Amino acid sequence: MGAMISAFMRGVTRLNDFIGRWIALLVFAMFAFLLLEVGFRYLLNSPTVWTNELTQMLFGIYAVMSGGYIMAHRGHVNVDLLHSHMPPRKRAFTDILTSVVFFIFTLALLWFGIDMARESISSWETSYSAWNPPIWPVKLAIPVGTALLVLQGLVKLLEDIAVAFNLDYYTPDENESEGEQL
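So for the sequence shown, the UniProt record's numbering puts the first residue at 1; every next one is plus one.
If you are wondering where the hints come from, they were derived from the structure by calculation, not from laboratory data. Misleading hints may appear alongside valid ones.
Claimed, not checked - Straight-line distance between alpha carbons at most 25 Å, and here's what the computed DMTMM-like set of lysine to aspartate or glutamate pairs gives:
{"hint": "1", "residue 1": "LYS139", "residue 2": "GLU159"}
{"hint": "2", "residue 1": "LYS90", "residue 2": "ASP168"}
{"hint": "3", "residue 1": "LYS139", "residue 2": "ASP17"}
Said to hold, decoys possible - Simulated restraints, written as ranges between beta carbons of each label pair:
{"hint": "4", "residue 1": "TRP124", "residue 2": "ALA29", "range": "39 to 47 Å"}
{"hint": "5", "residue 1": "PHE59", "residue 2": "GLU119", "range": "21 to 29 Å"}
{"hint": "6", "residue 1": "GLY11", "residue 2": "ASN45", "range": "51 to 59 Å"}
{"hint": "7", "residue 1": "GLU119", "residue 2": "PRO47", "range": "31 to 39 Å"}
{"hint": "8", "residue 1": "HIS76", "residue 2": "PHE18", "range": "16 to 24 Å"}
{"hint": "9", "residue 1": "LEU167", "residue 2": "TRP111", "range": "25 to 33 Å"}
Every value quoted in this text rests on a predicted model; they were computed, and no experiment measured them. Every residue, glycine too, gets a C-beta built ideally from N, C-alpha and C.
Generate the whole structure from the sequences, applying the supplied hints.
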C-alpha cells in the first residue's frame, strides 16, 4: 500500500513538473508577441488587433496551469510568522488542519470551472472582439489547471500526514526545502 501511495505522489509531482516546465515557455511567446506589437505600433505605425488579446489569453493559461508546479516546488506565498518556527511534525499537523480550507476553495473552483468550461465549449465561445478568437481553450484550462493543483494538494496532504504520524511511505529529501529554486 505504501508503495502505491509513494508512486502516486511521485507520478503527480512529475506530471506537474513536466507541465509546469512546458507552460513556463509561454513567457517567451508572450514576450515575443508584445515586442511584435510594440514594433508594429511604434516603428511601422500599424498596430495589430490580435497581439494584446492573445497575450492576455496566454497569460491566463500560464497562470492557471502553473499552480500545481508551484505547489510541488513550495513556491506559493506563505505567512510564516509562526509556521517557520515550528518543528516539522507540528508544522505538518498545522498544514493538515489548514488543508481543509485549501480543498474547499480548490474543489469549488474545480466544480464551477468545469461548468464554465462545458458551457463555453458547447457554444464554441469567442471573445466578440475585432479579432474574435475562440476563448473556450482558455476556459478549459481553468478546470484542468485546478485539477492538477488539487492533485498536488493531495500529495502535499499525504506528505504532511506521513511527517505528522511518522509513516514510512514518504521520507523528505534532504535537498527539499520550502521556496526551492524553480
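Outcome of the hint check:
{"no.": "1", "hint": "LYS139 / GLU159", "result": "violated (31 Å)"}
{"no.": "2", "hint": "LYS90 / ASP168", "result": "holds (18 Å)"}
{"no.": "3", "hint": "LYS139 / ASP17", "result": "holds (22 Å)"}
{"no.": "4", "hint": "TRP124 / ALA29: 39 to 47 Å", "result": "violated (23 Å)"}
{"no.": "5", "hint": "PHE59 / GLU119: 21 to 29 Å", "result": "holds (22 Å)"}
{"no.": "6", "hint": "GLY11 / ASN45: 51 to 59 Å", "result": "holds (52 Å)"}
{"no.": "7", "hint": "GLU119 / PRO47: 31 to 39 Å", "result": "holds (32 Å)"}
{"no.": "8", "hint": "HIS76 / PHE18: 16 to 24 Å", "result": "holds (19 Å)"}
{"no.": "9", "hint": "LEU167 / TRP111: 25 to 33 Å", "result": "holds (30 Å)"}
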